[in-house]
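Chemist: What follows is each chain in one-letter form.
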Amino acid sequence: MFLTAIAAGIIGAIVGIGGGLLVTPVLTLIFGVDIRLAIGASVVSIIATSSGGAAAYVRDRVTNIRVGMFLEITTTVGAITGAAIAAYINSQVLFALFGVVLLLSIVPSFRKRKEEFPKGVENDAWSKKLKLSTSYPDMRLKKEVPYNVTHTPAGLSIMYAAGVISGLLGIGSGAFKVLGMEGAMRLPMKVSTTTSNFMIGVTAAASAGIYFVRGDVNPFIVAPVVLGILGGANIGTRLLLKMKNTTIRYIFIIVLFAIAVEMIAKSLGVPI
Amino acid sequence: MQLLVSHTLLYGLLASTVIIVIGLVLMAVTNSTGYACDSSGDALNCILSFNPLSSSASIYPTTLASVISGVLQTKPFAIIELGVIVLLATPVLRVFNSLILFGLERDRSFVLITLFVLGVLLFSFFIVPSIPIFKA
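If you read the protein sequences in the order shown, they are chains V and F.
So the first sequence is numbered by the working numbering: it starts at -12 and just counts up by one.
So the second sequence is numbered by the working numbering: it starts at 54 and just counts up by one.
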């Protein structure tokens, strides 16, 4: 359990995903844990991945807190909405939907796979008003890279959807966040994944209180998962700072694909 | 600015880790969880298959009050849960931190934005859990 958690932490920190989608199936299938407890552990692990990774990124100024906080307006509201309607929606339909959307999203990401930095991006009105555009220090290239932010309304809507899915399924929906920031708002890959990492913690926290009170957080399961993830996220962040944006994108595409397959399998009732 | 945020995070994480480890060690040493289901032998099954829906919160606490009282009685599971709660608080602290920093920068729009997010978070922790619709 410990080792899987470490792996989840590393991948999660690099790709900006909570690792919840890795943790839940492993817990239920390999360790035979009750699904509710697995989801509870997953929510906690998302926060661990987020906080574990974020400390380094924020310090090194790769995360764009302004963009993240701004987008959290709709994400958190979405999370509570999601948790509210959770009891009324058939989760199988959700999983299928989620999986299909993810698969479709791989296409634009794949087409851009050789793109190290987004080009020709102009700030839009919101971005200018809130001064979202800035630069980040790229450790691999050892220089400061400026970037602009666009399509903010689209970003906000995508984040709301991501929030709803988060609250509904008990996951971080980091994949959606990265897609929203990188695809719609055209932030560089590293900035997108690190900012997503920052955001998933906040979003998961919005639904965590509910899970805790429902008794879905079992200390025996959660303890090793949390410790493993914190360790893994630590390693992951060090790795990310030294990687190319394109490498991260490749890993992201692979992980997206795996998650999509898992989602669809789940909706069909096939355990993966 | 970013430095302060990451430092608070770090301390929060360290505190959480230390507390959880203390709880784990205590559990191993005393060979009990402080609640039903002893952590030895077949107790593993008991703990892993505990279904929150069918039984009451007898194997670990689920409210802040019961966690605190459990910690005061040095029950290992309560201590671990305290560590988890500290972990859950780290994103909230982070948002709170950003609020202060935006305030110092006199960035009114972002102070408002952050206040809103903080409000939603606190709402979800304290008010929402007591609304019946959420207790599946």
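Be aware that one or more of the hints could be misleading.
If you want a taste of the chain F side facing chain V, the calculated C-beta under 7 Å gives, among others [said to hold, decoys possible]: (1) E134; (2) N150; (3) S151; (4) L165; (5) F178.
The following label-pair restraints were derived from C-beta to C-beta distances [to be verified]: (6) V:K106 / F:S119: 50 to 60 Å; (7) F:L175 / V:P140: 22 to 32 Å; (8) F:V82 / V:V94: 34 to 44 Å; (9) V:I72 / F:V74: 50 to 60 Å; (10) V:T121 / F:T127: 46 to 56 Å; (11) F:I121 / V:G107: 53 to 63 Å.
Source of the hints: derived by calculation from the structure; they are not laboratory data.
Ideal Cβ positions, reconstructed from N, Cα and C, are used throughout, including at glycine.
Chemist: Hint F178 (chain F) vs chain V: min CB-CB distance below 7 Å?
Modeler: Given a least distance of 4 Å, the restraint on F178 (chain F) holds.
Chemist: Within 46 to 56 Å: is that where the Cβ-Cβ distance between T121 (chain V) and T127 (chain F) falls?
Modeler: holds (48 Å)
Chemist: Just tell me: holds or violated, for the beta carbon distance of L175 (chain F) and P140 (chain V) against 22 to 32 Å?
Modeler: Taking Cβ atoms as reference, L175 (chain F) and P140 (chain V) lie about 27 Å apart, which means the hint holds.
Chemist: So, as I understand it, the hint says L165 (chain F) touches chain V; can you test that by seeing if any CB pair is closer than 7 Å?
Modeler: violated (10 Å)
Chemist: Does 50 to 60 Å hold as the CB distance between I72 (chain V) and V74 (chain F), or does it fail?
Modeler: violated (38 Å)
Chemist: Measuring from beta carbon to beta carbon, are I121 (chain F) and G107 (chain V) in 53 to 63 Å?
Modeler: Holds, at about 56 Å.
Chemist: Closer than 7 Å between Cβ atoms is the bar; does E134 (chain F) clear it against chain V? Give me holds or violated.
Modeler: holds (5 Å)
Chemist: Does the Cβ distance between K106 (chain V) and S119 (chain F) fall inside 50 to 60 Å?
Modeler: holds (56 Å)
Chemist: Report holds or violated for the interface hint on S151 (chain F), using the least CB-CB distance to chain V and a cut-off of 7 Å.
Modeler: holds (6 Å)
Chemist: Taking the beta carbons of V82 (chain F) and V94 (chain V), is their distance inside 34 to 44 Å?
Modeler: violated (54 Å)
Chemist: Report holds or violated for the interface hint on N150 (chain F), using the least CB-CB distance to chain V and a cut-off of 7 Å.
Modeler: violated (10 Å)
Going down the numbered hints, you'll see the structure goes against 2, 4, 8, 9, while the others check out.
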